[in-house]
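Colleague: Protein chains in written order, with the working numbering: chain C, 1 to 426; chain L, 1 to 426; chain A, 1 to 426; chain U, 1 to 426.
These are calculated hints, taken from the structure and not from any lab test.
One should not assume that every hint holds.
For chains that are exact copies, the list does not tell them apart, and a pair is met inside one copy or across any two.
Stated by the list, open to error - Mimicking DSS-like on lysine-lysine, the simulated pairs with C-alpha atoms at most 27 Å apart in a straight line are: (1) Lys-421 to Lys-312; (2) Lys-70 to Lys-231; (3) Lys-425 to Lys-132; (4) Lys-421 to Lys-55; (5) Lys-70 to Lys-425; (6) Lys-55 to Lys-231; (7) Lys-55 to Lys-425; (8) Lys-231 to Lys-132; (9) Lys-55 to Lys-312; (10) Lys-132 to Lys-421; (11) Lys-312 to Lys-70; (12) Lys-55 to Lys-70; (13) Lys-70 to Lys-421; (14) Lys-55 to Lys-132; (15) Lys-231 to Lys-425; (16) Lys-70 to Lys-132.
Number of protein chains: 4
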Amino acid sequence: MDFAPSPRAADLTERTRAFIRDVVEPVEGEYLRDLAEQRRTGDPWRPLPVIEELKAEARARGLWNLWLPKEHAGEYAARFGTDGGEGLTNVDYAPIAEATGGSHLAPLVMNCNAPDTGNMEVLLRYGTDEQKAQWLEPLLAGEIRSAFTMTEPDVASSDATNMAATAVVHGDEVVVNGRKWWSTGVGHPDCRIAVFMGLRDTPENLEADPGIDRHHRHTMVLVPLDSPGVKIERLLPTMGMYDEPIGHGEVSFTDVRVPVGNILSGPGEAFAIAQGRLGPGRIHHCMRLIGLAEMALERACRRGLDRVAFGKPLANLGGNRERIADARIAIEQARLLVLHAAWKLDVGGPLNALSEVSQIKVAVPRMALEVIDFAMQIHGGGGLSDDHPLAGAWTNARALRLADGPDEVHQGVVARLELGKYGAKR
Amino acid sequence: MDFAPSPRAADLTERTRAFIRDVVEPVEGEYLRDLAEQRRTGDPWRPLPVIEELKAEARARGLWNLWLPKEHAGEYAARFGTDGGEGLTNVDYAPIAEATGGSHLAPLVMNCNAPDTGNMEVLLRYGTDEQKAQWLEPLLAGEIRSAFTMTEPDVASSDATNMAATAVVHGDEVVVNGRKWWSTGVGHPDCRIAVFMGLRDTPENLEADPGIDRHHRHTMVLVPLDSPGVKIERLLPTMGMYDEPIGHGEVSFTDVRVPVGNILSGPGEAFAIAQGRLGPGRIHHCMRLIGLAEMALERACRRGLDRVAFGKPLANLGGNRERIADARIAIEQARLLVLHAAWKLDVGGPLNALSEVSQIKVAVPRMALEVIDFAMQIHGGGGLSDDHPLAGAWTNARALRLADGPDEVHQGVVARLELGKYGAKR
Amino acid sequence: MDFAPSPRAADLTERTRAFIRDVVEPVEGEYLRDLAEQRRTGDPWRPLPVIEELKAEARARGLWNLWLPKEHAGEYAARFGTDGGEGLTNVDYAPIAEATGGSHLAPLVMNCNAPDTGNMEVLLRYGTDEQKAQWLEPLLAGEIRSAFTMTEPDVASSDATNMAATAVVHGDEVVVNGRKWWSTGVGHPDCRIAVFMGLRDTPENLEADPGIDRHHRHTMVLVPLDSPGVKIERLLPTMGMYDEPIGHGEVSFTDVRVPVGNILSGPGEAFAIAQGRLGPGRIHHCMRLIGLAEMALERACRRGLDRVAFGKPLANLGGNRERIADARIAIEQARLLVLHAAWKLDVGGPLNALSEVSQIKVAVPRMALEVIDFAMQIHGGGGLSDDHPLAGAWTNARALRLADGPDEVHQGVVARLELGKYGAKR
Amino acid sequence: MDFAPSPRAADLTERTRAFIRDVVEPVEGEYLRDLAEQRRTGDPWRPLPVIEELKAEARARGLWNLWLPKEHAGEYAARFGTDGGEGLTNVDYAPIAEATGGSHLAPLVMNCNAPDTGNMEVLLRYGTDEQKAQWLEPLLAGEIRSAFTMTEPDVASSDATNMAATAVVHGDEVVVNGRKWWSTGVGHPDCRIAVFMGLRDTPENLEADPGIDRHHRHTMVLVPLDSPGVKIERLLPTMGMYDEPIGHGEVSFTDVRVPVGNILSGPGEAFAIAQGRLGPGRIHHCMRLIGLAEMALERACRRGLDRVAFGKPLANLGGNRERIADARIAIEQARLLVLHAAWKLDVGGPLNALSEVSQIKVAVPRMALEVIDFAMQIHGGGGLSDDHPLAGAWTNARALRLADGPDEVHQGVVARLELGKYGAKR
């Protein structure tokens, strides 16, 4: 159980921190103000030019595509990526993800943000050479962006068997129909491709075919966003925030036709792909949340020492020190739990870390919400405004109690595996 | 300890519910969509016409200015207001406030929304005849709106003695300087007047004058918003939401001069006024939050019965029923606590209800946050969007953990009074 | 919704407080020391003589059997009981129960303790004249004590249909078999009679008889403890405490034969009786817990002001004042909730207060545990010892999360009724 | 950050588990019943013979004194102890401590129980050759036991500067006076020696001597329990439990005279010794609590699968699976946090792990209480009795929120170090 990053990863972490401290943070305040201004007066979905400048700088510093997994990166690590020519383990990447998590722009400008990393990983693992050439390479180069379309507005998507969208092979085409939402990334003008998940046939036909078990009923297919029949119906706010220029959209697919060559892995393989995709993705999300919580705690401490009320720094009033201590304890525990899950994933793959990945998915957003909420409270009214990055951080963490499966589903997984030790079938 | 409303109040409550159910709710969805559209394409601060229509209907139904307090309403109840010609007690008004709380528009269109009710109450109790004629009457008529400017961005305003703004008498004028924020209401184009609170003299002069104790150092003064030197610097988002067309602003006051006749009660009387102003205001806020929590619980139950996952209605999965039960219990306890505070206020005035008013200020937002958060969670991703009024409700409740004094200050009041029973001086 | 006690009840509450303050509390410390000594050196189940002295004094002061319910007390109120000749409503009795709850001995010496009150109420409502003469009168006189035997060790008794014990009529006898535990009261040497609940026939016969629905399968019968076949197997500790001289026992019943005249109400009527028995009993338990929590908070405050660490009274360290405030808020809310349930019971009977009684059963022990745990903590190690009545209070409150139905069952009732508002069948 | 135990430690852990599973657990139930019987009928402080048998077996299996620390064990490891001839690191010992924690007898019979381990460590590190020969060797041999006397009944001992007991050198003697309580171990008939902590001089003299800073005012001295003037006043219950045959006592010291050679390290050195003593001790306590929580969770799962109510295993009712998941998550986090603290201690000593040791002291008992309380609840009434080891486990965990410093003091340490990062002096 060794959670220490390799020397190379430790060096990359340090360099990531330096990049964020020296390059990103100094422009982040102005970026956010410009974005707010653009919201009032222009098109908030037009990425501000500073983003491309920061991307160039990240690439120049060798801090580009650091998420590339050791196991699957292959030649792409050297061509597009991580300094040193090979990918990183989950344990190695974890502190880097944490370092980026406290910054609004860092994940994006280092080409390390969701959902693109997950989509690129899918292409790395399951893509054909053609798929890789057409979509993976420009994604790795940061030239285009992608979306992941799975959740649907009309059903409880926590139960994947509720899914109603279809991706049915007709001859050499796949016909795609359905309505998806919370499709992260579709707001960005560079977003060109969606990984779409749907039933391989109509529900009636599937019911009638006992040969297809419920884990082989779904297909993943690459759908270019400019395909006829694809319509971004609207962009959705999360607690009032749109997360421009990435955004989360509601997208309809009406008789969209793409070549069968766009199918990932094969018809009915979506579950297997999703399983593999989500493990590392959840590690990344959780480590970024830990970075966010660290940012919030640092701000809470600084505010607590700077502001004075009733003759004392706020930190010395009432239970504030206890809350600071509890925040520190909660962050440490959460980080160790994520490192543990990362290590389990590294040493034994997703099936070895089923409970652990669900554990962090439950524990880390909860922890982050608690810490950030305290930081908001100690900042007074300002903590709820956009003068501080706390309200945005809270919203981010809150969304992760639902994204990639609600808490309750992950608690169910953990409980099932726990009870399984004593003979429970499920 | 009788919490039953009078028959007249029970009738008004019923009529309020009917008005909301039959008139307000049917247009609220469209209102919110139009407002969202206006945000994207126009000026979100321009009130939509339906508001005036609803105001007229509320007035026609005798559901106008129901907040008017029995004790202080005097002739104004008959002239502007509550059906029946006199004001209501806090216990009587409480269920009406609750009924309005679940609706986005009801408080506004019934002329029962903060901060106007608090400002009108101050004018009722402390206003001169001139002040009443000039400001109170158009406010009661719903022709203009008002703001309350107390909190400051540069200090911990939870400690009122930190206040730095000044309202100094020079001859027959008051010179007003300072910067305020979270000035609710300044976004509305009809907002004409601010109740401003500031030091009666420079901090240095006050320090040098031992004759003025710290509870007589502040003055409240009426400042028309079109006075030279008043500038609305910006409107502030709360968790990403601007609460149009009311809004919360940051306002600077630079050498603003108003007649001494605009002072409320007298120089140095601000604390006494604030004390009286805040008791009923907190009752109103808390009862509206209870209405909000009831709305959230109803939606959670309906969603829990309608949506199906893993073969069952969501309500029957995992701990959802326990959470529904806990929400019901929490709401009941919160309502009873507010009624108790209202009753204490009615029978003995603000000094009789110091602890009770602080108790509800701590307990009710906490409860509402818990209930609404559960409702968001059971709605899945949609719960965080603006498809449901839950994210807005959460934000509203969260802000009330800070507005009118943060939790920690109110806990301090409750603890001081508790320890005082055993001889603690403070 | 009027929670004010009648003037007579208010007077009885005052007199109860005076009795406890002037008579009971002065001897309670020595009583507990003597009991501890008797535990080490003698028979802890022998009631100490002071109990009879206090009973006599309570009776002399007219503070005897105050629990007698207005609705059912009839002639017995005048003959055995409450000063003034009639019983009290639940709202009237609530503050008296609270006053007794903070004292170890008061409920016992005022003949107001569980399970005797519940058993006496059953006899009042369902007893024949013979049953009343034989058992109710000596119980009301405080000459004998009683037990209630329902829970069984070998099944999950939270589901009453799991019950395995039987009480089968054979000719003019009832044959009683089974094993019960948590039979409160059986430790007392004066305990003479058990209210026993069992299946009216063997499970097989009941299964075979579709005419008997599951709410008419159980019978309640009076079983004298000296009947052949009744054996107190052992007395059970609760968190290490035996609660002498009352005690909670495991009792086996082997072919015990009692006359059919001992059946209460009739064969198969146990559910109906239990329903009525438990409503008021839960009010009493909960109000006593509130008294216990008030006692704990008072001790926490006094300790917080008296003890000094790091140069300050403990109350002024860290979050202690916040915890004191939260305790005050929690107690107020809990008391109001119980009064609300009592009022609902008074105005509409048990069916009118199903949710409310379950609400308090969940909320009040939780609250009490929180408050008492804080009081233990602020007392340091001593708080866990028997130098203070806190460890005993905690244990008492903890047991009430299970006694009379675990939290989870009561949450289920509240949720069922809540969801029923929206059409859920169950 | 490597938390993996050495191969030798992993082997010892396995052998410990086998010893407990095969030897200790099979006799534990009977042991507890015999102890309960002895409580009723004899002297509960007389250790039952099985303890010596188990000690012999533990020694024979090389599972004796495994706590001996690598750094300080020296020759004693080979002579008295850990299989292999040298001590273990904290990381190595952690899983062994966890394995023993779920068993009532294992720590005692493996000579690994508090307070003896802490006292032996003090002797190892600070003892003279004479002190070691006289006290350390028989302790290591398991022939005698020891106590640690620090906390005092009359002051808030959370602030060590409140201590009033004295240990003053007069010529070649130390005169010891004072009253201590929660002196763990004094109940055991083999307890021969107390490590006593007291002021090196009268408070007045110390006040008058500015040369002695507040961290050099206390002395630790070895006081044989048979010294004239030592009196065990009483044994204290914790939540009703006496923890026989170890026990926690109140002990008075009246003009007790011991040779100066009994001073540990030197006059005024007590703080330095205590600092070193408590780090590993807290690791041990916390790891044992994790073992206790694992035991409770296993029992909760088994019970949840075995018992049926409302037609389902309890585990499938309501929120029970969520609670099982949360328990698993909480245990994992707690274990990782303790391993982290152990690792920090191993790589940098106590000063390197100040915050981490305080973190676990706060987090682990909280976690254990939550898990055990759930296990009690799912066991119904039996969970509170002594039919299951849960009530004892809860009490054990509750005591550790106070023993070795209350939560609040440790939260203070964590917060001080956290705020120190941003310049706070203290």
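Colleague: So, for every hint listed, does it hold in this structure?
Modeller: Okay, the hints, checked on the actual structure:
1. Lys-421 to Lys-312: between (53 Å within a copy, 19 Å between copies)
2. Lys-70 to Lys-231: neither (37 Å within a copy, 57 Å between copies)
3. Lys-425 to Lys-132: For Lys-425 and Lys-132, neither the intra-copy (40 Å) nor the inter-copy (54 Å) Cα distance is at most 27 Å.
4. Lys-421 to Lys-55: neither (48 Å within a copy, 32 Å between copies)
5. Lys-70 to Lys-425: neither (35 Å within a copy, 45 Å between copies)
6. Lys-55 to Lys-231: neither (29 Å within a copy, 39 Å between copies)
7. Lys-55 to Lys-425: neither (50 Å within a copy, 40 Å between copies)
8. Lys-231 to Lys-132: Only inside one copy: Lys-231 and Lys-132 sit 25 Å apart there, 57 Å across copies, limit 27 Å.
9. Lys-55 to Lys-312: neither (44 Å within a copy, 47 Å between copies)
10. Lys-132 to Lys-421: Classified as neither; 41 Å inside a copy, 47 Å across copies.
11. Lys-312 to Lys-70: This pair counts as neither: shortest intra-copy Cα distance 51 Å, inter-copy 41 Å.
12. Lys-55 to Lys-70: within (22 Å within a copy, 51 Å between copies)
13. Lys-70 to Lys-421: Intra 32 Å, inter 35 Å, cutoff 27 Å: neither.
14. Lys-55 to Lys-132: So Lys-55 and Lys-132 pass the 27 Å test inside one copy only (22 Å; across, 61 Å).
15. Lys-231 to Lys-425: neither (43 Å within a copy, 41 Å between copies)
16. Lys-70 to Lys-132: within (18 Å within a copy, 55 Å between copies)
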